[in-house]
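Line order of the protein sequences matches chains E and P.
Plus 3 on top of the position in the first sequence (first one is 1) and you've got this note's numbering.
Plus 1 on top of the position in the second sequence (first one is 1) and you've got this note's numbering.
Source of the hints: derived by calculation from the structure; they are not laboratory data.
As the structure is a computational prediction, the values presented were derived from the model and not from experiment.
Be careful, since some hints might not be right.
As the list claims (entries may be wrong) - When the alpha-carbon atoms are kept at most 30 Å apart in a straight line, the in silico DSS-like pairs for lysine-lysine are as follows:
id, chain 1, residue 1, chain 2, residue 2
1, P, Lys16, E, Lys109
2, E, Lys462, E, Lys432
3, P, Lys61, E, Lys79
4, P, Lys63, E, Lys109
5, P, Lys77, E, Lys530
6, P, Lys61, E, Lys273
Read off the chains here:
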Amino acid sequence: MANYLIQARDTVWKRWQQNADAHPDRDAVVHWLAGEEPFRWTFGKLLRVATEMAERVKASGVQKGDVCAIILRHNKALYPLYVAISSIGGIPAILAYPNPRLHPDKFRQGLEGMSQRSGLDWIFTERALEPTIQPLVSGENSTIKGLFFPLESEDTPAAQCGSGQSQGGEQVLSTAGDPFLLQHSSGTTGLQKPVLLSHRAVLEHVHRYASAIQLRETDRIVSWLPLYHDMGLIAAFHLPLICGIATVQIDPFEWVMAPSILLEAVSREKGTISWLPNFALNMMADKIAEEELSGIDLRSWRMIINCSEPVRYESHCRCVERFRPYGLDPAALSSCYAMAETTFAVTQTPPQTTPTHMVVDRTELSRGRVLPCMDGKPARICVSSGTPITGCTVRIVDDNQREVEDGVVGEFAISSVSMFDGYRNYPEKTAEVVRDGWYYSGDYGFRSNGEYYIIGRKKDIIIVAGNNIYPEDVEDAVSKVGEVIPGRVVAFGEENADLGSEQVAVVAETEVTDDVRQRLLRLAIVKAGMAIDVTIGNVYLVPPRWLIKSSAGKPSRKANKERILADRASLEARTL
Amino acid sequence: MIRNDLKRAILEALKLEDWQLEETTQAAEVPGWDSLSHVNVILAVEKKFGVRFRNIEVLKLKNVGDLQLLLESKLKAATAGN
Chain E
4 MANYLIQARD
14 TVWKRWQQNA
24 DAHPDRDAVV
34 HWLAGEEPFR
44 WTFGKLLRVA
54 TEMAERVKAS
64 GVQKGDVCAI
74 ILRHNKALYP
84 LYVAISSIGG
94 IPAILAYPNP
104 RLHPDKFRQG
114 LEGMSQRSGL
124 DWIFTERALE
134 PTIQPLVSGE
144 NSTIKGLFFP
154 LESEDTPAAQ
164 CGSGQSQGGE
174 QVLSTAGDPF
184 LLQHSSGTTG
194 LQKPVLLSHR
204 AVLEHVHRYA
214 SAIQLRETDR
224 IVSWLPLYHD
234 MGLIAAFHLP
244 LICGIATVQI
254 DPFEWVMAPS
264 ILLEAVSREK
274 GTISWLPNFA
284 LNMMADKIAE
294 EELSGIDLRS
304 WRMIINCSEP
314 VRYESHCRCV
324 ERFRPYGLDP
334 AALSSCYAMA
344 ETTFAVTQTP
354 PQTTPTHMVV
364 DRTELSRGRV
374 LPCMDGKPAR
384 ICVSSGTPIT
394 GCTVRIVDDN
404 QREVEDGVVG
414 EFAISSVSMF
424 DGYRNYPEKT
434 AEVVRDGWYY
444 SGDYGFRSNG
454 EYYIIGRKKD
464 IIIVAGNNIY
474 PEDVEDAVSK
484 VGEVIPGRVV
494 AFGEENADLG
504 SEQVAVVAET
514 EVTDDVRQRL
524 LRLAIVKAGM
534 AIDVTIGNVY
544 LVPPRWLIKS
554 SAGKPSRKAN
564 KERILADRAS
574 LEARTL
Chain P
2 MIRNDLKRAI
12 LEALKLEDWQ
22 LEETTQAAEV
32 PGWDSLSHVN
42 VILAVEKKFG
52 VRFRNIEVLK
62 LKNVGDLQLL
72 LESKLKAATA
82 GN
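With these hints in hand, go ahead and build the complete structure from the sequences.
Here it is in structure tokens:
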């Protein structure tokens, strides 16, 4: 790969420009649509169209340093728009397009909270969202200066994908230290934390991570990951574009409804690397019919990097067993530990090396000790997430932030050259997690023989299919359901082995006792989750004063999770 | 009107005892029917009726009525082929 020594005036835009000059006809982004021929952006065309768009973006008032939210579904115009905003010094921030089940008021409230926190200046979106978003623009104290509908040819910056003939346009001068992009720690709306990254942070990270995965000019990324997620944005979009290789971008909604699309894209495009959250391995291993695999050839796939939720050994085994007959190399399965606050990756297992796993005593692990499992005791298989990439240092620390020895469970603290500069406009939240240059991740795990293993989270965040869900949001929504005692609700994540991920469970206190009314109440609770775009997989109804309170007087999630799961296990045992 | 056997297959896949399903009902309106469980619904319908849906057919479905039409076209084709 090219030399990535970063100079003071080096920017991501310059790397894109260099790639366009050196390889104008090389695929940059292959925009994949099921059942159609993919649309191919070469580096040359992508930069030319972006330059045309940039003129219009600038003419419409966007200035250097303005935060430009992009809320679009899978569309080929998104990529040049993103590049265009960046070229004039704007700060692109891709946000999730609202799911139809999310109530428009909830979406607007989340966006409003985000705009006040992140200081969103402009929103580039689709006309369908105008009625929902427009009140924010005209609202008092709004930071939002305007809405644009870039998919409509008559609107600024429009021109859809343009002729690609323009050579003009003046790129705004930026330096390596200037802000480059804003990404949000994934999560339910309202509680997302804005992470501002400089050109330098992104370039540093891409350079070092490319080295960790031994990226080659012949590599071809294939991804269905949403671009509002750090794994999709940094690993599957910025890394290839900066390094001058192609990325095949699949619609996340199409993939989740038809998971074989990823395999088809890898097979047809000779894809070499994909990042996937753990549940995706289960989906592909279990939910794809044999007929869909006719003609699929996975021999080119050299790395499938499992990231964004705890890595499950069984998921790797299922994936290998299912797809080995189609050419999948078992050594392609790999794992990584990453977060938006360090741009992306912290640790990574080496390419072509099966991640190490350890069979440990589950009971001892819950007490913070890593011991081999003996004599048929309950076991947990922990899979390594590898060793730190260059520029990252990891310590496992106790509650007093003192480093612990190998084989002892503690919190992951990270120092990185590509660390964020703090949450935007959120110094108190930054102070909670950054101390003396170390980022305290809230993730729990241990080190063994120099490798790092993630086993859970200190915080109560629920990770469903790679997405973070804050239990507070769920509890707040469920508390408002009639016949649930307000404030007497806890939400937590419980293992869903079939999904290869967690599912959201709720324990709610109620006076209701008869079966019919309880059934209706359960349904009402599930519907309350739907309104905030959270699927509640299990509802436990309990009588008043059942929930255990913490010392702060609020129901304790951990204690009540343990209690309800113990009750359930006991009930199941009695049933058997 | 949604045929009862299709309705039962969908509701069982979603672990729902009952829910009103009309031709115009969309997945987002049904408790538990999210993007992750959609593939389970499709697999359950395929299994119950012994049919196979192609990816592109599944992606074009907008509501339960579309799913019923697709199912009936498959069943008709299977009958014609026998």
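Here is what the structure says about each hint:
1. P:Lys16 - E:Lys109: holds, 27 Å
2. E:Lys462 - E:Lys432: holds, 14 Å
3. P:Lys61 - E:Lys79: At roughly 19 Å apart (the allowed maximum being 30 Å), Lys79 (chain E) and Lys61 (chain P) satisfy the hint.
4. P:Lys63 - E:Lys109: Status holds; Cα separation ~24 Å.
5. P:Lys77 - E:Lys530: violated, 36 Å
6. P:Lys61 - E:Lys273: This hinted pair holds, its Cα atoms lying about 27 Å apart.
Taken one by one, the earlier hints fail for this structure only at number 5.
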